[in-house]
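2 protein chains.
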Amino acid sequence: MTQLEAARKGKITPEMEIVARDERIDIDLLVRRVAEGTVCIPKNVRRDFASPRGVGRGLRIKVNANIGTSTTYPDLKDEIIKLNAAIEAGADAVMDLSTGGDLTSIRKVILDRCAVPLGTVPIYETSVNVANERGAITRITADDLLDVIERQAKQGVDFMTVHCGITKESIKRLRDQGRVTDVVSRGGAFLVKWIVVNDKENPLYERFDDLLAIARDYDVTLSLGDGFRPGCTADATDRAQIQELVILGELVKRAREAGVQTMVEGPGHVPLDQIAANMMLQKRLCEGAPFYVLGPLVTDIAPGYDHITSAIGGSIAAMNGADFLCYVTPAEHMGLPTAKDVKEGVIASRIAAHAADVIKGIPGAKEWDLEMSKARKARDWNKQIELAIDPVRAKELRDQRSGGSDDVCSMCGELCAMKVVEEYLKK
Amino acid sequence: MTQLEAARKGKITPEMEIVARDERIDIDLLVRRVAEGTVCIPKNVRRDFASPRGVGRGLRIKVNANIGTSTTYPDLKDEIIKLNAAIEAGADAVMDLSTGGDLTSIRKVILDRCAVPLGTVPIYETSVNVANERGAITRITADDLLDVIERQAKQGVDFMTVHCGITKESIKRLRDQGRVTDVVSRGGAFLVKWIVVNDKENPLYERFDDLLAIARDYDVTLSLGDGFRPGCTADATDRAQIQELVILGELVKRAREAGVQTMVEGPGHVPLDQIAANMMLQKRLCEGAPFYVLGPLVTDIAPGYDHITSAIGGSIAAMNGADFLCYVTPAEHMGLPTAKDVKEGVIASRIAAHAADVIKGIPGAKEWDLEMSKARKARDWNKQIELAIDPVRAKELRDQRSGGSDDVCSMCGELCAMKVVEEYLKK
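Protein chains in written order, with the numbering used here: chain A, -18 to 408; chain B, -18 to 408.
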């Protein structure tokens, strides 16, 4: 039974109990939301891990970190270091996007060591396998894809990105639209090529019922991928993107009917003033399904700083309904991230997420800020470091720049505003 | 004649010509906006520098970098390095907030080397002088303050923060309100202490006409300081903050009548959902005066990353009417920034500013993003580096993580989505 099916029967699973306790929300409310599909709890029935997470309505905004080898950097060791960096920095989920090396064994090691939900994009493995075996990804068959999905499900993958909305219809709209950066989703690109070359419909769309059957068996949460997410602000919210979203909305309905947990993925690069509308649209078209966004990046001109461009967009997205932020690292658009980039990316996304939690009234969010502010007012540096989103970084800064004072910091020294007024504002 | 007075007479100054050309806006429109006080051009009549800037309605969002010695780090050399870092990173203005060392000669060196408008907070120098000479900042006289302001004006300072809205009335409201972090503005704190200890009205408020006379003589733009800006999200948009803003609105009117260019300073720490209202309120209460915000920081828990918390808030603020962003560095709340922090802070604020420029239709903003996106699509790495907001950083990343390819990056290698589809989406 999936979490969704259990919830529909009013059954409380151990995972629901963990999520309700962690989030400090009423368990009956949580069960209702899982039942209606506005919350999912990605956890494969075959896998056990320390920290199941709920994603969706009324819950803390979650953060995902992508790791994984590439053909250029196929070393598993590096990716394990990144996995640890992501978890230590507070990632709520991790996706293994490996495309280099022995993908099955890499995934096994990562699954074994990952304390949070783990996601994949099965078309990557399928493409790499078929390209190696048969020379071209266009030779993928529908069975190849479903086989890989089933093998990954058996291995314990908790959620999978499947680009089911790339169809002949949405490709036609993309082509008619005309775009600056066409397709920037890898999975989306493979499927476009496959569909165009083979002149056949997307197997993930045509055989959606078979996909649902596998997902249901293992309680794999489907993350309906946005293969046509805009890759630059000029392409945002265009007819190609919205056509795909309309199709994904239909598929959410079918997945729910089949008892399969579902999220929907979203943009991408989006100008500041289009973000709120994008969130509303997804919630409406996909009937409240949890929304998992990559960014959004609010400008295209900041390679090296795209953790910041996406923290801006992610915060506004989360304020307007996004539930799950996929991090973007400072290496985005330039190369595979290092472990340092992974940490920077997770922290930036967590800041964006937390800023939204504060205004959404998530239990503990505002209180955290308040405690920090009281520690700041009291000039209690140990407490400030302890409460910092990155205590290591806060301690480094304090150690390096305290100016030798136990009391004030080196910005203002004894001219510290809070210190100057403290005896003069007592009532 | 000030820029404001000139504009009222329909006179086009050389600075207006420079600003109109840089911003690619109609000169007559610019003159009208300077005349109505919705745009200011901070430039002291005694100073010449390469790049005058306009701040306000319809113009590119500007970024200010604070530098300056502290008692802990009084070395001028470090501050010159920071000045250069700020300018190189693209700051549109610099404030010298020095409080350590020989303030007059430090300011002279900075004024000589600064290619953009330079601002100060004269109460810092007054407080340091009086504390040294007479043992307590409460012994400042109104003449002390006006003398320092006049000396700084003669030296060529282009804009000055004056906390004229800290009055007995606003202090009473602050006290009645009760706050977590009370006062976090240094100038604000000095004035609160002075007013409470001496039981007298704020000299900057009482002698506002004398202040205006000096500002008019040298065309110093007044930046009406927000001494009661919230120092934590829990204190945001409270009665103390808004009371001060109401008073500042009245002073804007008086300054305009006296022919003095004026900006208004704003928060501070503000939760995501209060930013838009704060911007609207300032524009209405201050009759469209340019709004200069510090942050706003959307959460309190991220020391070490407050350039990110403030880039989030700054972007939303700029989208909703803020005209001028004061940067926040990663060292904020922990110590005086290093040159590296200065650069990080300027770039983060510029990203926030530019994201707003894109949606405001600022000439060249959207075009910059489009050019970058085309270079990205073409996998033209030299062009991407050239167009990056920080070409040095972009080049470093590309050099370190290219994976040896001239064509693709090491994130996806030959699986690059844009490359995969390029021949399949031709019409």
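Be a bit skeptical, because a hint or two may be false.
Note that identical chains are pooled: a pair holds if it fits in a single copy or bridges any two copies.
What the hints assert, rightly or not - Taking lysine-lysine and the DSSO-like style, the derived pairs with C-alpha atoms no more than 30 Å apart in a straight line are:
#, residue 1, residue 2
1, K358, K153
2, K264, K(-8)
3, K149, K364
4, K153, K355
5, K234, K364
6, K407, K181
7, K400, K321
8, K347, K135
9, K321, K364
10, K89, K58
11, K355, K135
12, K407, K153
13, K149, K407
14, K135, K(-10)
15, K181, K364
16, K153, K400
17, K149, K355
18, K407, K234
These aren't lab readings, by the way, just hints derived from the structure by calculation.
We went through each hint and held it up to the structure:
1. K358 / K153: between (59 Å within a copy, 20 Å between copies)
2. K264 / K(-8): within (26 Å within a copy, 54 Å between copies)
3. K149 / K364: neither (57 Å within a copy, 34 Å between copies)
4. K153 / K355: Close across copies (22 Å), not inside one copy (57 Å); limit 30 Å.
5. K234 / K364: For K234 and K364, neither the intra-copy (48 Å) nor the inter-copy (45 Å) Cα distance is at most 30 Å.
6. K407 / K181: Between. Shortest inter-copy distance 18 Å satisfies the 30 Å Cα cut-off; intra-copy 76 Å does not.
7. K400 / K321: So K400 and K321 pass the 30 Å test across copies only (28 Å; inside, 36 Å).
8. K347 / K135: For K347 and K135, the Cα distance exceeds 30 Å both inside one copy (41 Å) and across copies (47 Å).
9. K321 / K364: The answer is both: 25 Å in one copy and 26 Å across copies each meet 30 Å.
10. K89 / K58: Within one copy only: 13 Å inside a chain, 55 Å across chains, cut-off 30 Å.
11. K355 / K135: neither (49 Å within a copy, 42 Å between copies)
12. K407 / K153: Between copies, since 11 Å is at most 30 Å while 69 Å is not.
13. K149 / K407: between (70 Å within a copy, 15 Å between copies)
14. K135 / K(-10): Within one copy, since 25 Å is at most 30 Å while 79 Å is not.
15. K181 / K364: Classified as neither: same-chain Cα gap 61 Å, cross-chain 38 Å, threshold 30 Å.
16. K153 / K400: Only across copies: K153 and K400 sit 19 Å apart there, 65 Å inside one copy, limit 30 Å.
17. K149 / K355: between (58 Å within a copy, 26 Å between copies)
18. K407 / K234: neither (59 Å within a copy, 33 Å between copies)
Of the hints listed earlier, those the structure fails to meet are numbers 3, 5, 8, 11, 15, 18, in rising order.
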